[in-house]
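K.L.:
The chain contents come next:
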Amino acid sequence: MSNYRVIFEDPEQPEQPAMVLVPSDNWLEEAKAGLLPPISVYWALQDDEQQAIAEGRHDTFEHDPAKHEAQWTAPRIGPLTEEEAIEYLVMKDIPRHIWSQEYNRPMFKIVKTEDVPSDRSFRNAWRIAA
Amino acid sequence: MSTIKVDTIQSTSGAGQYTAKAWINQTNGTTINASANISSLVDNNVGRYTANLSNALTSINVVCFGTRILGAGGVSEDRQGISCGLVTTSSFGHGGGHNQGNGAFEDGTYSAGLME
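Residue numbers (my numbering), protein chains in the order written: chain A, 361 to 490; chain B, 333 to 448.
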């Protein structure tokens, strides 16, 4: 099990409590084994899909076959440490506006797993501590 | 590791075989018990979760399926189901545990996935 979690908030959804990202052990193993493509492969897919959503054609959208195939055919980036893998995962699985822009307070934090409260009381009111 | 790529898999009787493109079994959004093609799980709120895919699908022409296996107290409760949230080619929301009494989302152990 990963030693890390990522806590983040979405400035576009201020009423939403802090969210907690849990890395998959299977995916982490792939990252450590050097099986991941460059992050730009996923960004290209996300950009195309976001454009389709913005243009109201998400229901009929299909990825460009070459870009989709790049998930498997692009040169691998090599083995990552767990810390590097978590940083990669932030850029892959957390919406880009959360980590790519500066706000007046941090919108995400990488924390140790044991630092996430196990008591889920008031879960719908969690916030990132200042 | 080797990869097998084929267009169609059939049984000897000729019936098509269909597999999940991604699936997850998780508890409370905090623990991934088992999964396939999942890179991460996001605990959005009580009973509301997002599974992110390791490899994106070609389209959202998929079926989201799932069930709630155990309630937060570890008890099987047949009156509570699952709802699928926003589906993209790289993630799917899921959650539920609607109680007959108040309709509230609840934590628990959920299995959910996508078929294409």
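Everything labelled a hint here was simulated from the structure, so no lab data went into it. Among the hints, erroneous ones may be present.
Facing chain B, according to a computed beta carbon distance under 10 Å, are these residues of chain A, among others [said to hold, decoys possible]:
no., residue
1, 384
2, 400
3, 449
Just so you know, even glycine gets a beta-carbon here, dropped at the ideal spot from N, CA and C.
K.L.:
Does the structure break any of the earlier hints, and which numbers would those be?
P.N.:
Violated hint (a single one): 2; every other hint is consistent with the structure.
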